[in-house]
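**Student:** Next come the chains, spelled out residue by residue.
Number of protein chains: 2
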Amino acid sequence: MLSKLKVFLKEQKIDYFLLPNSDEFFSEYLPESEKRIQYLTGFSGSNAAVIFGTKKSYFFTDGRYILQAQNQLDLKEFEIFNMSEKSVLTWVSENLNAQKKLALDPKLMSVNFVNSCKKNVGELVFLDSNPVDKIWRDRPKTNNSKIFGCAKKLTGSDSKTKRAQILQELEADAVIITKPENICWLLNIRAADIEFTPLLLAYAILFKNGEVELFAEEKRNTDSENPDLVKVNFLQPNCFDLRISVLSKSLKKIQIDESCTNYWLYNLLQKNHFEIVNKNDAIEIAKSCKNSAEIFGATEAHKVDGLAVTKFLFWLQNNSQTDEIKAAEKLLEFRKESADFLYPSFASISGFASNGAVIHYHATSKTNKKISGDSLYLIDSGGQYFGTNFFGTTDITRTIAIGKPSAEMIENFTRVLKGHIALARAKFPRGTSGAQLDALARNHLWQAGLDFDHGTGHGVGSFLSVHEGPCGISKRAHHPLLEGMILSNEPGFYKANEYGIRIENLMLVEKFDERFLQFCTLTLAPLDPDLIDFTMMTRPEKKWLQKYHQQIEKELADKLLAAEKAWLQNLVRRFLLK
Amino acid sequence: MLSKLKVFLKEQKIDYFLLPNSDEFFSEYLPESEKRIQYLTGFSGSNAAVIFGTKKSYFFTDGRYILQAQNQLDLKEFEIFNMSEKSVLTWVSENLNAQKKLALDPKLMSVNFVNSCKKNVGELVFLDSNPVDKIWRDRPKTNNSKIFGCAKKLTGSDSKTKRAQILQELEADAVIITKPENICWLLNIRAADIEFTPLLLAYAILFKNGEVELFAEEKRNTDSENPDLVKVNFLQPNCFDLRISVLSKSLKKIQIDESCTNYWLYNLLQKNHFEIVNKNDAIEIAKSCKNSAEIFGATEAHKVDGLAVTKFLFWLQNNSQTDEIKAAEKLLEFRKESADFLYPSFASISGFASNGAVIHYHATSKTNKKISGDSLYLIDSGGQYFGTNFFGTTDITRTIAIGKPSAEMIENFTRVLKGHIALARAKFPRGTSGAQLDALARNHLWQAGLDFDHGTGHGVGSFLSVHEGPCGISKRAHHPLLEGMILSNEPGFYKANEYGIRIENLMLVEKFDERFLQFCTLTLAPLDPDLIDFTMMTRPEKKWLQKYHQQIEKELADKLLAAEKAWLQNLVRRFLLK
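Read top to bottom, the protein sequences are chains A and B. Numbering follows our numbering, with no gaps: position 69 of the first sequence is 69. Numbering follows our numbering, with no gaps: position 376 of the second sequence is 376.
Treat the hints loosely; a few may be bogus.
Claimed, not checked - Quick list of the computed label-pair ranges, beta carbon to beta carbon: (1) B:GLU514 / A:GLY431: 32 to 40 Å; (2) B:HIS478 / A:GLN270: 30 to 38 Å; (3) B:GLU514 / A:GLN270: 44 to 52 Å; (4) A:THR388 / B:LYS119: 51 to 59 Å; (5) A:LYS495 / B:HIS478: 24 to 32 Å; (6) A:GLU171 / B:GLY122: 21 to 29 Å; (7) A:ASN209 / B:GLN99: 37 to 45 Å; (8) A:LYS100 / B:GLN99: 49 to 57 Å; (9) B:SER87 / A:GLY431: 13 to 21 Å.
To be clear, the hints were calculated from the coordinates, so they are not data collected in a lab. The beta-carbon is built from N, C-alpha and C at its ideal position, and this holds for glycine as well.
With the rest of the complex left out, here is chain A:
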């Protein structure tokens, strides 16, 4: 395959072809038809970019995947770089002189990236189509999944109201929405174009008068009577550029959010002489602030999800002969007991001992460890729930002692827990960002000279993406936290080659008083008291643990089997006795 690509480059007199691991929507989870890097190189990780040359090629990924890349790539063909040490842009500026031609598929590139690239390269060639697609035999078809609606009972707001809300922020004749989750939110629809997230991959245009043009085939729509789709015209996706050119006759100003717009679309607007207004997509904020129906949905989803996780934790206690893969499957089974569970919200991370220290671990038959001996087992998982009365997305991590944990493990788990509780208990003035709160979750680890190398929290959608903007809790998360946002609280600690610790609950941002906000923890599943050094805990911390576990007992106990219930009640009593 690589040889065919090289022939193409030579024929076209192109020196290099840059291919990122993305699609035109910059989706977090790629559809099979967009996994070009995997097809060409064999590399199966998520974060990568390749600069293909006529002789040698250059492969960029991050620290998580360097080893994997070395195993999966043909090292005679590829030189591998750690992106954090040498970015694609740096490589380009160091290696491409003014005589070199670099080709791109502009649909896969952000506007910002192309603009930075332009400064560094002799000639950028924007390809009309992706050369990989031409040589890709048996390329999987795009997933044209069915489009289904979400009732107002679930969404809390009809599309008409949402459109009116978003139009208030319009500063042009129309806005092009390029984020699939934002279109789904606006129209109260979902589909199954990718794994884990119920998305329809499409562009949409919202006009001043509230009409929407949705670039998806109408036959995919399962409900022609859907009231949320009134004033929505389905258009063929491959007619998008034609439609833009027609619109340019009647419209002058068009709004986009450059941060999530690919260069092809941007260029299309330029070619058609639109006056481009670059503005943050107003749906980002609107979507992130959940209304009461969505909050009800999240609460219900967490009861169902917490029940499954609690059953799983009991099961784990009594199944010493299991392994990472079996355990993850077992948890999925428990989730499937609920009729409202649709599918996981991401690929579970089920890691025992040293595998738990790999932050984005994925158990395979090669790496699968038996969960036995004395160490820690970490499981990070979540579900997409879509019932008749509620919908929601969950994400939870629990770390469990297997055998006899060491004093060091207990101390470090307790530090992580103290950070988790500090954040969960935080009250903060309106206007405070996640960047300001991040240290609360880290401070107790920092006291011991320890830290963890990932953000403390990310936004979570309502039966949408498990990672949702614009807010988070990390040093880079500068957007103010707002009432109704749902965020994860997931501090951790990882000792390479030994063990991993992470405690993750989802929390809702809610009103404390007129000037202050606070968090309300949504996730309902017990923590492992065997991993807590209670002498390190303050009274308010112990009180938080007691209240949290009493709430779990109240919500879940009566839905458990007798043995599960007895186990949970005993566990809760252990917290109450501290």
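We have chain A already, so just place chain B on it with the hints.
**Tutor:** Structure of chain B alone, referenced to chain A:
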């Protein structure tokens, strides 16, 4: 005076003249000769800007000074605005149409401000000289104070070494240094051009070869043999523009830091066709990371300063008939007992009860309160120390119970103290900014829905400015904290019209291990145990208090009079018994 200014405007056919309360160096404390707004309007606050019109004028200040402005200004002439509600720029964009002429003294304006202004105003008129100076009778002379050197024992590094260090970052033929404190640091000199800070107000040019041109009269220099002034040429300040024009014949590229360069200078470089390199002044960081001599100096200064404050606190206990002004004078007397004390590092804030709630309070004969009854007394003060063995700058705030403090005062003081201790005890990864740590100092107040409306900490110079960049501890302080920086730790709580609380110590950033930093508290003066609810304190917090007070006793006890010593020892014992 105002009428003369109006005549000038009419004659020149200018609609408005914008005057900020600043000098060409953007000094924190203005020399008398630069207090133009005070001369013209009677307003004596620090933060202000006025747009003078031919009829009406518009006065802008911040929330602290609105009342004062209303008292001091002629309200028939001036309309007063709160800057945070309407900035000068907003007013300009709303009120000046394309036909209007706005005049400026470009020496008093930052490059950024002028550039923003240009977008909004029909015509900007850059005046050759400030019209106020022409009508100002008996304008105070510029302070042309004596320039004196600081021995290497104090500075720890000679000017030659410092210049070589700064030249490593030069990206031009020469750099113009526009911050007086940066010139003083680079040349190891000081002067007394303004109050509170031992500055020489001047520009300097540092050339590639290490030579410096200093635009100050040579006769001001008290030591012609000063080794730090080798390769320093004194030039007349009023020849600066001529010199720039001569230099333009031989130099091409010149470096400035636009953030602290006035528009006149910037424009001068443009007119002379220099290629301008805009880069953060490398002295900012170099100066803020104190070397071992400077750290020794700070430590010694804090011993002397702490002794004075401790003696004062004892005195206060036994002088129930004092008032705010007398108390501040008494503290100054104690400071003056040290031969190494030069003068205060800022105007003391000495506020009892409701006056303590005024964050930038300055006691006057009108506002002066007797320190008696049941409330809190807050005193924020500091000194400039210049001895033979050390130099340094201090800044300390103590809040003291007078009579019987209320339970609410005690609870809130304890919350402020818990925040202070959380920050003082913090360890954090290298690369962490003050913005990330700020919440540690606020979290315990936030828990009660309380907060304070100022930053938690600012950098402090070495026998230089008491407010020094580039680091701080606040939500806006995004620069990483570095080893050797000195910062204040001063959380507070203010209940308007009732009382104010602030606890301020200075801290040194020091190495914890290869990856982590920590703070070392420098300030040495006891806290008031009567204001602490020890049941709210954790064990590590009590331990910190015990160790801190034991250190104070160790450093100070033997330098105190018998009665003072007995009082201190008894106080320290109270902490140890908790």
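**Student:** Next step is simple, just say for each hint if it's right about the structure.
**Tutor:** Structure-based check of each hint:
| no. | hint | result |
| --- | --- | --- |
| 1 | B:GLU514 / A:GLY431: 32 to 40 Å | holds (36 Å) |
| 2 | B:HIS478 / A:GLN270: 30 to 38 Å | holds (34 Å) |
| 3 | B:GLU514 / A:GLN270: 44 to 52 Å | holds (50 Å) |
| 4 | A:THR388 / B:LYS119: 51 to 59 Å | holds (56 Å) |
| 5 | A:LYS495 / B:HIS478: 24 to 32 Å | holds (30 Å) |
| 6 | A:GLU171 / B:GLY122: 21 to 29 Å | holds (25 Å) |
| 7 | A:ASN209 / B:GLN99: 37 to 45 Å | holds (38 Å) |
| 8 | A:LYS100 / B:GLN99: 49 to 57 Å | holds (53 Å) |
| 9 | B:SER87 / A:GLY431: 13 to 21 Å | holds (18 Å) |
Checked against the numbered hints given earlier, this structure breaks none of them.
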